[in-house]
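Enquirer: Chains D and V supply the protein sequences, listed in that same order. Residue numbers for the first sequence, in full-length UniProt numbering: 1 to 307. Residue numbers for the second sequence, in full-length UniProt numbering: 1 to 434.
Simulated from the structure, these hints should not be mistaken for laboratory data. Ideal Cβ placement from N, Cα and C applies to all residues, glycine included. You may find that some hints are simply not true.
Unchecked claim - Pair by pair, the computed Cβ-Cβ distance ranges are:
(1) Trp126/D x Arg202/V: 35 to 45 Å
(2) Leu176/D x Ile243/V: 47 to 57 Å
(3) Val16/V x Asp118/D: 48 to 58 Å
(4) Arg202/V x Pro38/D: 31 to 41 Å
(5) Lys90/D x Glu427/V: 33 to 43 Å
(6) Ile387/V x Tyr17/D: 46 to 56 Å
Claimed, not checked - In silico DSS-like cross-links for lysine-lysine, where the CA-CA straight-line distance does not exceed 27 Å:
(7) Lys19/V x Lys135/D
(8) Lys67/D x Lys221/V
(9) Lys87/D x Lys221/V
(10) Lys82/V x Lys111/D
(11) Lys220/D x Lys179/D
(12) Lys9/D x Lys143/V
(13) Lys87/D x Lys19/V
(14) Lys128/D x Lys9/V
(15) Lys9/V x Lys123/D
(16) Lys143/V x Lys157/V
(17) Lys152/D x Lys430/V
(18) Lys143/V x Lys150/D
(19) Lys90/D x Lys19/V
(20) Lys90/D x Lys221/V
(21) Lys106/D x Lys101/V
(22) Lys101/V x Lys82/V
(23) Lys9/D x Lys430/V
(24) Lys9/D x Lys221/V
(25) Lys82/V x Lys150/D
(26) Lys106/D x Lys82/V
(27) Lys263/D x Lys292/D
(28) Lys82/V x Lys87/D
(29) Lys129/D x Lys9/V
(30) Lys207/D x Lys138/V
(31) Lys67/D x Lys410/V
(32) Lys19/V x Lys129/D
(33) Lys87/D x Lys29/D
(34) Lys152/D x Lys180/D
(35) Lys66/V x Lys19/V
(36) Lys9/V x Lys90/D
(37) Lys67/D x Lys90/D
(38) Lys82/V x Lys106/V
(39) Lys82/V x Lys128/D
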Amino acid sequence: MENILTANKIVKQYGDYTALNEVSLTVPKGSIYGLLGPNGAGKTSLIRIINQITMPDSGEIIFDGQKLHPNHVQHIGYLPEERGLYKSMKVGEQCLYLAQMKGMSKADATKQLEYWFDRLEIKGWWNKKIEELSKGMAQKVQFVVCVLHKPKLLIFDEPFSGFDPVNANLIKDEILELKKQGSTIIFSTHRMESVEELCDDIALIHKSNKLIEGKLDDVKREYRSNTFEVGILSDNIEGLMYDLTQKFQLSQTHFKSLNDELKLNVVLGNAKPNELLSILTQRGQVTHFVEKIPSVNDIFIQTVSSN
Amino acid sequence: MSILSLIIKREFIAKVRNKSFIVMTFLSPLLFVAIAVFVGYLSSMKADVKQIAIHDETGLFANEFKNSDEYHYQNVSAIDVKILKDSITNHYYEGLLYIPKVDDTKELSSKIQFISNDSPSLSFVSQLENIVAKKLTKANFEKAKLDTVAIKNAEAKVNISLAKSSGEESLKGLNEIKIAIGGAFGYLIMMFIIIYGNMVMRSVIEEKTNRIIEIIISSVKPFQLMMGKIIGTSLAGILQFIIWAIIGLSIMFVASSVFGVHTGPTAGVSPEMMKAAQSEMGGTFALYLKELWSLPITTLVLSFIVYFIGGYFLYSSFYAAIGAAVDNETDSQQFLLPIIMPLILGVYIGFFTVMNDPHGTIATVFSMIPLTSPIVMLMRIPFGVPIWQLLLSMAILFGTFFFVVWFAAKIYRVGILMYGKKPTYKELFKWLKY
């Protein structure tokens, strides 16, 4: 698959502080790419470099097959984490102004704005000033500004913050719709459940270095530990435990169920799941048997704390 | 439409639509006229007549003091000094001039006292001193048996008339007019820089606190944004000045036609008096007019425009950089001081040094230094400045301007994305290297 964006060994320093240390990324076209990392890892620095807000000290960015060029800003939409608009400017005027800055003609921008205002049900706001809107309403306007010029690459930094669940869902659907229409989305967030739900690819940056990158499924496969979560109703728990401890590592676990069963995490090591299953079926009634797939959250915490 | 003109347009419209801009534009000329009328009214009022008591034990001076509009003198030599002092405490008399009895009139020079509870004005005291000194001198002459009439006749009065090498007669007091014209232009530039420079700074801070800056900077270059802001704000300012000029002129026109008063320097003088004055010094008046018209008006206006643009852009780049460096207006004070200082210095040098010696070293040097030249040079121009000095000064101004814009753009570029802490000068310097 083609890549919309490639970063090659990007280095950015602020004085003595290194914000990015030879970070390389590959963002496939048409994907939703999760850019993860703890606070201060260097995500914002990287996003700013992609947006040409700052220049890297060394390394280069390839956008859609070309070296990053000032004209490329017209094909990139950016929703920064710190939201803001001109408070005393009217919604319609403001959107037109920002759209024209991205190279749109006034007529084209007006048409697009009408489409989006209709879609997000904010039609009546054209002549309202931003200061008259609530925070969530202003966020919607900002989202429109970000996507208005039909950018090939969208960069969302914490897009759901400040939205109520209904609107967050609305925005999520819009993001998926944009993906369907062919846009690529770089998605930076601390909300792991939305990464889990939306992202095809992820990268994890920690302390200015990239630690993980790849398809979400591949990363998960790499991080799986062949651990199974089991639930069993047994009359002879001691016998069962004896059998299991002979072969596997065990630990207590917890999950929701309606029975009062024994709940265990079983690390299989090199053994096959069927071996475990056959021991369990001999000793009782299996109520629960699931492979523990590492969540993005687990991977995040595990990687960050081990480095 | 190019992005720069887009930004200029937005800044201009944002400024012009602002309520405070509208209020300022239409209210300040009214205020200005109101103040002018008020001051005119105040100065036309007669001050209270002040009663001055004279206790003269020598009997020499009592009749020398003549009543004026402001001061009435009363000879109270017969009354005891102690009682007179009480009357001053009771505010019956404004002051008491006490001339003690002495053996030798020479001692008088240091023994005369003026007793008053309010400190008298310097000019009044020197007036008293003059009267006493004159009388004393006369007395001394008589004592020395000199012919006072002959001495008086021998006193020469000199009035040097000024002329130019071209032979035209020149006028005293013209310097004041020249400095007033140059000063008005220089002062205008200073006011414009302070008012609109501040506006540029506030607008930068606004974008920073609104956090819209990241969106804009992802579409345009910080340099474009900064220049657009400076130009857009200056256009709003120029519009405001034009409106002020129109309103001011209209008000003056209406006022003078309604009240039949001739406003300006002769305010408060009745038409009859004016006529008399004109016929008396008609020749002088015409000469003044002629001199005014012979001032290098074209040079003055053209230079005003050049220095206005250069000076305003130079300073507003500083203002923009400061706005970018801080998070709110209160933090900006520390950085503003070094900017306001040269402006004030320029005005002071203009009014004190240029007036005394328009082509002296200090005036010349400060009309070259770019931070003061827009003010000082404009004040010098009415006195005639060699063209090479003018061109050199402009070249330095614009050279510095480009350097400062580059420098300000660097700080601006880094500063607008820095939140939270107030930077030090050291950090600002570090930003230049990012």
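Enquirer: Each hint: holds or not?
Expert: Hint-by-hint comparison with the structure:
{"no.": "1", "hint": "Trp126/D x Arg202/V: 35 to 45 Å", "in the structure": "violated (27 Å)"}
{"no.": "2", "hint": "Leu176/D x Ile243/V: 47 to 57 Å", "in the structure": "holds (54 Å)"}
{"no.": "3", "hint": "Val16/V x Asp118/D: 48 to 58 Å", "in the structure": "violated (32 Å)"}
{"no.": "4", "hint": "Arg202/V x Pro38/D: 31 to 41 Å", "in the structure": "holds (36 Å)"}
{"no.": "5", "hint": "Lys90/D x Glu427/V: 33 to 43 Å", "in the structure": "holds (37 Å)"}
{"no.": "6", "hint": "Ile387/V x Tyr17/D: 46 to 56 Å", "in the structure": "holds (53 Å)"}
{"no.": "7", "hint": "Lys19/V x Lys135/D", "in the structure": "holds (24 Å)"}
{"no.": "8", "hint": "Lys67/D x Lys221/V", "in the structure": "holds (18 Å)"}
{"no.": "9", "hint": "Lys87/D x Lys221/V", "in the structure": "holds (22 Å)"}
{"no.": "10", "hint": "Lys82/V x Lys111/D", "in the structure": "violated (96 Å)"}
{"no.": "11", "hint": "Lys220/D x Lys179/D", "in the structure": "holds (23 Å)"}
{"no.": "12", "hint": "Lys9/D x Lys143/V", "in the structure": "violated (105 Å)"}
{"no.": "13", "hint": "Lys87/D x Lys19/V", "in the structure": "holds (14 Å)"}
{"no.": "14", "hint": "Lys128/D x Lys9/V", "in the structure": "holds (20 Å)"}
{"no.": "15", "hint": "Lys9/V x Lys123/D", "in the structure": "holds (26 Å)"}
{"no.": "16", "hint": "Lys143/V x Lys157/V", "in the structure": "holds (25 Å)"}
{"no.": "17", "hint": "Lys152/D x Lys430/V", "in the structure": "violated (36 Å)"}
{"no.": "18", "hint": "Lys143/V x Lys150/D", "in the structure": "violated (107 Å)"}
{"no.": "19", "hint": "Lys90/D x Lys19/V", "in the structure": "holds (15 Å)"}
{"no.": "20", "hint": "Lys90/D x Lys221/V", "in the structure": "holds (24 Å)"}
{"no.": "21", "hint": "Lys106/D x Lys101/V", "in the structure": "violated (96 Å)"}
{"no.": "22", "hint": "Lys101/V x Lys82/V", "in the structure": "holds (15 Å)"}
{"no.": "23", "hint": "Lys9/D x Lys430/V", "in the structure": "holds (25 Å)"}
{"no.": "24", "hint": "Lys9/D x Lys221/V", "in the structure": "holds (24 Å)"}
{"no.": "25", "hint": "Lys82/V x Lys150/D", "in the structure": "violated (98 Å)"}
{"no.": "26", "hint": "Lys106/D x Lys82/V", "in the structure": "violated (91 Å)"}
{"no.": "27", "hint": "Lys263/D x Lys292/D", "in the structure": "holds (13 Å)"}
{"no.": "28", "hint": "Lys82/V x Lys87/D", "in the structure": "violated (74 Å)"}
{"no.": "29", "hint": "Lys129/D x Lys9/V", "in the structure": "holds (18 Å)"}
{"no.": "30", "hint": "Lys207/D x Lys138/V", "in the structure": "violated (97 Å)"}
{"no.": "31", "hint": "Lys67/D x Lys410/V", "in the structure": "holds (24 Å)"}
{"no.": "32", "hint": "Lys19/V x Lys129/D", "in the structure": "holds (14 Å)"}
{"no.": "33", "hint": "Lys87/D x Lys29/D", "in the structure": "violated (36 Å)"}
{"no.": "34", "hint": "Lys152/D x Lys180/D", "in the structure": "holds (12 Å)"}
{"no.": "35", "hint": "Lys66/V x Lys19/V", "in the structure": "violated (59 Å)"}
{"no.": "36", "hint": "Lys9/V x Lys90/D", "in the structure": "holds (15 Å)"}
{"no.": "37", "hint": "Lys67/D x Lys90/D", "in the structure": "violated (37 Å)"}
{"no.": "38", "hint": "Lys82/V x Lys106/V", "in the structure": "holds (25 Å)"}
{"no.": "39", "hint": "Lys82/V x Lys128/D", "in the structure": "violated (80 Å)"}
Hint compliance for this structure: hints 1, 3, 10, 12, 17, 18, 21, 25, 26, 28, 30, 33, 35, 37 and 39 are not met, and every other hint is.
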